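4 protein chains.
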Amino acid sequence: MIYMDNDYTHGAHPSIFNRLIETNDEGTSGYGTDRFTENAIQMIKEAIGREDIVVHLLSGGTQTNIVAITASLRPFQGVITADSGHINNLEAGAIEAVGHRMLSIPSEDGKIYAGEVKSLVDQYWNDNNNFHKVQPGMVYISNPTETGTIYSKQELIDLRHVCDQNNMVLFMDGARLGYGLVAETNDLSLADITELCDIYYFGGTKIGALFGEALIIGNNKLHHGMKTIIKQKGGLLAKGRALGIQFEVLFKNDLYLELSHHAVEQAMRLKKAFLDKGIALRYEAYTNQVFPILQNSQLEVLEKSYVMLKQEPVGDNHRVVRICTSWATDAKVINQFIKDIQAL
Amino acid sequence: MIYMDNDYTHGAHPSIFNRLIETNDEGTSGYGTDRFTENAIQMIKEAIGREDIVVHLLSGGTQTNIVAITASLRPFQGVITADSGHINNLEAGAIEAVGHRMLSIPSEDGKIYAGEVKSLVDQYWNDNNNFHKVQPGMVYISNPTETGTIYSKQELIDLRHVCDQNNMVLFMDGARLGYGLVAETNDLSLADITELCDIYYFGGTKIGALFGEALIIGNNKLHHGMKTIIKQKGGLLAKGRALGIQFEVLFKNDLYLELSHHAVEQAMRLKKAFLDKGIALRYEAYTNQVFPILQNSQLEVLEKSYVMLKQEPVGDNHRVVRICTSWATDAKVINQFIKDIQAL
Amino acid sequence: MIYMDNDYTHGAHPSIFNRLIETNDEGTSGYGTDRFTENAIQMIKEAIGREDIVVHLLSGGTQTNIVAITASLRPFQGVITADSGHINNLEAGAIEAVGHRMLSIPSEDGKIYAGEVKSLVDQYWNDNNNFHKVQPGMVYISNPTETGTIYSKQELIDLRHVCDQNNMVLFMDGARLGYGLVAETNDLSLADITELCDIYYFGGTKIGALFGEALIIGNNKLHHGMKTIIKQKGGLLAKGRALGIQFEVLFKNDLYLELSHHAVEQAMRLKKAFLDKGIALRYEAYTNQVFPILQNSQLEVLEKSYVMLKQEPVGDNHRVVRICTSWATDAKVINQFIKDIQAL
Amino acid sequence: MIYMDNDYTHGAHPSIFNRLIETNDEGTSGYGTDRFTENAIQMIKEAIGREDIVVHLLSGGTQTNIVAITASLRPFQGVITADSGHINNLEAGAIEAVGHRMLSIPSEDGKIYAGEVKSLVDQYWNDNNNFHKVQPGMVYISNPTETGTIYSKQELIDLRHVCDQNNMVLFMDGARLGYGLVAETNDLSLADITELCDIYYFGGTKIGALFGEALIIGNNKLHHGMKTIIKQKGGLLAKGRALGIQFEVLFKNDLYLELSHHAVEQAMRLKKAFLDKGIALRYEAYTNQVFPILQNSQLEVLEKSYVMLKQEPVGDNHRVVRICTSWATDAKVINQFIKDIQAL
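Protein chains in written order, with the working numbering: chain A, 361 to 704; chain B, 361 to 704; chain C, 361 to 704; chain D, 361 to 704.
Derived from the structure by calculation, the hints contain no laboratory data.
These numbers come from a predicted model, not from an experiment.
Worth double-checking, as some hints may not be accurate.
Since the list can't tell identical chains apart, any single copy or any two copies may satisfy a pair.
To be verified - Straight-line distance between alpha carbons at most 27 Å, and here's what the computed DSS-like set of lysine-lysine pairs gives:
#1 LYS405 with LYS478
#2 LYS670 with LYS581
#3 LYS670 with LYS478
#4 LYS637 with LYS670
#5 LYS699 with LYS478
#6 LYS692 with LYS513
#7 LYS478 with LYS581
#8 LYS612 with LYS405
#9 LYS670 with LYS699
#10 LYS632 with LYS699
#11 LYS581 with LYS405
#12 LYS632 with LYS670
#13 LYS664 with LYS478
Given only the sequences and the hints, what does the whole structure look like? Please build it.
Encoded structure:
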């Protein structure tokens with residue numbers, strides 16, 4: 361079976377293992393105080409073009425969300441999120457477990473828009489008795505979203521504006537950010553994101569690392585105490601070097617961009633194949649996820665070879681299916697997949 | 361400089377990288393549902409000799425402590441621990457952050473004893489107004505302790521007895537358990553520990569893994585919901601395979617024992633060298649940590665070559681120093697270290 | 361202005377002050393260990409007809425919800441509630457602040473039904489990867505609901521059944537329970553509720569006390585540690601006697617029923633007046649809340665004399681308004697209110 | 361039996377009931393938005409002489425501690441307290457339950473001093489790896505302390521200084537503050553305390569109210585969101601008027617001072633009687649608590665008439681006993697008590 365249900369089905373890019381082995385016998389101090397971590401952080405700062413930011417390396421996405429939200433909110437504040445947001449659906453109540461309520465906005469495409477956010481916060485601030493309510497303290501967005509869509513620069517500027525006017529933190533969950541940066545419809549750079557978001561993370565796990573997320577904090581009000589929070593939430597790796605080394609490799613010669621390009625290219629080839637076959641797509645996405653609406657019979661055929669993620673049924677005979685490519689996707693596999701689509 | 365201040369100064373045992381690379385191109389499902397994790401868990405069960413236990417693989421020690429304690433305690437319960445316990449000193453309030461108070465017992469050697477625990481719990485249960493107090497719900501022990509000492513089988517049986525009589529969970533933090541198992545003074549097997557503790561973990565990070573701790577749950581009342589707690593606390597790795605593969609390697613042909621033996625042997629060589637030189641040791645330890653009480657002038661000399669962990673001063677002219685060996689310690693380095701001690 | 365926007369607009373029933381004064385000079389021990397509290401609890405047990413239950417007296421509703429939910433759920437569990445449930449809307453994230461997520465069900469009439477609950481829990485238990493999700497651990501219902509409706513005995517039996525089958529706690533927020541018990545459509549007794557719910561509370565604040573809620577726990581698995589939780593959550597009053605005395609008064613000669621009858625009678629008179637006038641009601645309610653859909657011009661007139669709670673607009677010219685009666689509502693005021701309705 | 365084990369053994373000062381009854385039929389809005397609460401807050405501001413502060417009225421001490429600490433600390437911060445501090449001993453882990461660790465300092469007299477605090481915080485800030493540790497974020501003091509002692513103005517100035525230099529909040533638990541203000545050794549005014557502490561509370565429960573504590577916040581950085589926190593923690597009373605009315609009464613014509621004077625006078629009479637009898641006192645206290653070290657035989661005699669709080673034994677034949685007076689203590693009872701002491 362070929363695993364295409366998500367983008368963490370394979371190990372890590374070989375150059376990561378090479379570098380881990382190469383550095384293996386060098387002794388270092390722990391908990392992210394080693395030279396590899398320091399260097400990785402410096403490389404990330406340079407890729408962004410900002411020296412005044414703070415970067416921490418963590419192991420996983422939920423962990424990073426817990427840390428970022430803990431650091432950003434006061435106890436009486438909650439998180440505005442699309443109802444489809446990862447923190448709202450697939451993190452086992454991790455954010456509520458650290459005390460914060462979700463303030464969710466229904467979303468069709470995985471995104472939330474400034475106007476919707478403004479409407480929600482205005483309702484709060486116009487309520488004289490709002491002490492009965494959780495105060496909106498953060499806007500959480502995934503980019504790319506869980507449905508493969510991405511935010512435009514203007515949309516992010518608009519969200520920034522609402523956040524500024526309502527004293528909220530703008531936080532981007534960038535578990536798949538690499539794939540977003542290389543989408544043909546993207547107009548956001550890392551520098552833009554760093555400027556527009558107070559805090560965000562750049563995912564390594566899904567674009568070539570064995571594990572690892574880089575939390576990037578532009579807003580200097582959020583710098584203080586961050587490492588202690590990471591330790592407190594169980595996110596500080598003893599051998600922090602393992603994270604440092606991986607991010608060094610990903611950012612060396614922009615490997616993360618190269619790997620991202622590859623994955624998105626394969627996804628777009630699949631997308632075209634589905635459309636050519638007359639199979640509609642559930643979401644208009646340009647990143648590494650494709651969401652065809654398959655007939656049940658088509659699904660049955662493809663399931664014989666490919667592991668895909670079944671989502672909601674559409675009518676009696678169809679179902680939305682998620683297919684992911686990644687840095688590890690072999691172009692030859694996609695060649696065959698396209699043939700299989702054509703043969704449906 | 362040679363890093364000997366702790367046991368996570370180096371990467372991972374080479375066979376771990378070999379196996380990660382060997383399996384890299386195989387697609388698997390995520391979050392610990394892959395075949396490597398399943399196999400690793402089976403190997404651990406076989407090493408223990410119990411099929412009715414539950415095992416989960418996590419990334420780090422603090423994370424594992426958070427998970428185990430969250431799963432074991434009701435909200436009104438606290439943790440009995442040596443004042444020197446890792447959770448009480450070096451985890452940035454991680455346990456308090458999930459709502460539980462430390463009930464600490466002063467300890468000279470890093471251990472707590474059944475009599476002390478009984479005295480503390482009796483005081484609670486004999487108090488008619490104990491609703492003003494946190495209820496003792498767990499006994500937390502480190503084995504080996506933070507000072508390199510270990511529990512005997514009888515001591516563990518005695519603690520088990522107090523726990524049984526007071527409805528408490530017995531939890532062992534085994535971040536360095538491998539090193540304890542091979543100590544010449546040890547009389548505990550993994551089977552014993554599994555029988556006597558409700559829950560414990562076997563540390564991988566410090567004995568050869570890049571990262572990873574195996575949480576082992578004998579008490580079946582604690583099985584339910586454990587994986588959800590791991591996810592909620594940010595401890596569920598997307599590429600769970602990375603943990604599975606590492607524990608497969610550590611438990612294949614008892615590699616963990618071989619690596620542990622090596623480390624403890626080197627520590628005992630250092631210990632002998634200090635004693636031969638007339639340098640006293642702060643703790644009577646038989647595992648991978650040695651705690652000489654060095655003259656400040658001796659410390660100055662050794663610090664030129666070795667990174668060690670400086671602890672409390674003793675009088676005006678001495679200081680306790682922690683030196684750790686690990687799976688990665690080169691015997692030749694210890695040869696030289698011994699010469700350096702002799703030359704002091 | 362006449363306050364009718366809620367049912368806590370006035371002080372307390374005079375007999376409560378009489379009894380507080382009468383007992384004022386008697387010394388007692390604190391924290392609910394006094395004879396008044398013991399007696400009040402005994403009276404509540406007798407009113408229910410059960411000696412094997414546990415009763416605690418607390419100060420307010422949110423506090424009681426926090427305590428009951430803390431005691432009932434494991435950390436990975438959440439609360440099923442109507443989206444209109446008080447805990448989901450008007451408690452400033454109190455339940456999330458103790459770590460639990462809301463699993464809300466859209467509701468038209470403030471109630472949730474066994475079928476809806478079953479559907480939600482089935483979805484969870486049928487999901488092989490449900491460790492990414494919060495486990496449904498409790499069904500929370502308000503009775504009467506926030507819209508004045510009540511549950512029938514059969515509906516409660518059905519909810520009990522779903523809870524039993526899915527190992528969930530059934531918790532009733534009875535802040536206005538007295539008013540429910542006397543509704544003409546009610547077929548539930550305190551004994552029924554105690555049998556069918558694991559835990560519930562009987563509100564004093566809204567039916568004649570100055571403050572106070574009686575938490576009643578039928579499920580003996582929830583007895584242990586409850587008083588410590590109350591203390592921990594700041595709900596244990598030093599002068600617990602103040603609660604004991606109030607509940608003694610409310611349960612003496614069924615005063616709570618008498619006061620409840622009075623309030624509901626006044627509400628039904630208002631209800632009839634609105635219907636007679638041709639003014640529709642938003643909810644079909646038989647308790648102490650009336651929800652007329654007023655023309656904006658009618659609202660303007662009534663607002664000159666009465667404080668009411670404005671709710672959502674209906675079309676361009678109407679608005680739903682909440683009017684509450686209580687133990688303190690003067691029948692003469694209602695006479696005048698009815699005249700004012702007739703004159704609209 | 362005459363209850364003298366604490367200062368919440370009786371109901372409330374009669375003028376409180378008079379005023380509750382007098383205002384009972386007036387309708388008001390809820391949750392502290394009523395005119396009585398507004399007036400009480402204004403009276404408190406005038407008693408302090410500051411208009412720029414924020415005051416909230418809550419029901420009990422633990423609740424108020426939870427609220428104040430939640431509002432003051434970031435998640436990675438803990439509370440410096442005397443080991444004898446109320447939050448550290450008698451609040452069932454309430455502060456840990458909202459995520460904060462105690463950083464306790466051993467105390468002989470219930471007080472902590474600037475030098476001790478400085479030493480603790482210096483150790484933290486001098487540690488390069490302090491991310492493993494909870495950051496000191498608040499100094500909590502009780503005044504009067506649990507042993508009846510009080511802080512001098514200079515001691516409070518010194519603590520303020522350490523807090524300023526280390527960016528910590530200074531919080532005073534004033535559950536018995538009235539009794540402290542009238543002690544013959546006191547040199548602190550409410551104005552001083554408001555200036556020197558960031559936040560503190562003035563206890564009503566123990567000096568004549570049925571219940572109620574006034575939280576006073578001088579530091580305007582802590583004003584935001586406070587009412588939402590109170591609601592979230594279950595501390596916002598629906599009939600907030602009940603708190604407002606009580607504090608109106610206590611602050612009208614300085615009733616709280618009159619009642620406090622009375623209580624302390626009775627305590628000093630007892631103190632003198634013990635000393636005259638040659639019975640030593642455990643703590644040098646000038647407030648409403650007396651701590652004689654009684655022979656067991658003396659204790660046996662007195663216990664026949666008086667409920668007192670037994671504390672630690674002293675040698676084989678003695679025990680420390682706490683005796684409290686309060687606003688409710690009858691001078692005639694003390695006349696008799698003195699005779700009983702003389703007759704020992």
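Now the hints, each set against the structure:
| no. | hint | in the structure |
| --- | --- | --- |
| 1 | LYS405 with LYS478 | neither (32 Å within a copy, 37 Å between copies) |
| 2 | LYS670 with LYS581 | neither (42 Å within a copy, 34 Å between copies) |
| 3 | LYS670 with LYS478 | between (34 Å within a copy, 23 Å between copies) |
| 4 | LYS637 with LYS670 | within (20 Å within a copy, 55 Å between copies) |
| 5 | LYS699 with LYS478 | neither (47 Å within a copy, 43 Å between copies) |
| 6 | LYS692 with LYS513 | neither (35 Å within a copy, 58 Å between copies) |
| 7 | LYS478 with LYS581 | both (23 Å within a copy, 25 Å between copies) |
| 8 | LYS612 with LYS405 | within (13 Å within a copy, 42 Å between copies) |
| 9 | LYS670 with LYS699 | within (21 Å within a copy, 62 Å between copies) |
| 10 | LYS632 with LYS699 | within (12 Å within a copy, 70 Å between copies) |
| 11 | LYS581 with LYS405 | within (18 Å within a copy, 33 Å between copies) |
| 12 | LYS632 with LYS670 | within (20 Å within a copy, 54 Å between copies) |
| 13 | LYS664 with LYS478 | neither (47 Å within a copy, 33 Å between copies) |
The earlier numbered hints that this structure contradicts are 1, 2, 5, 6, 13.
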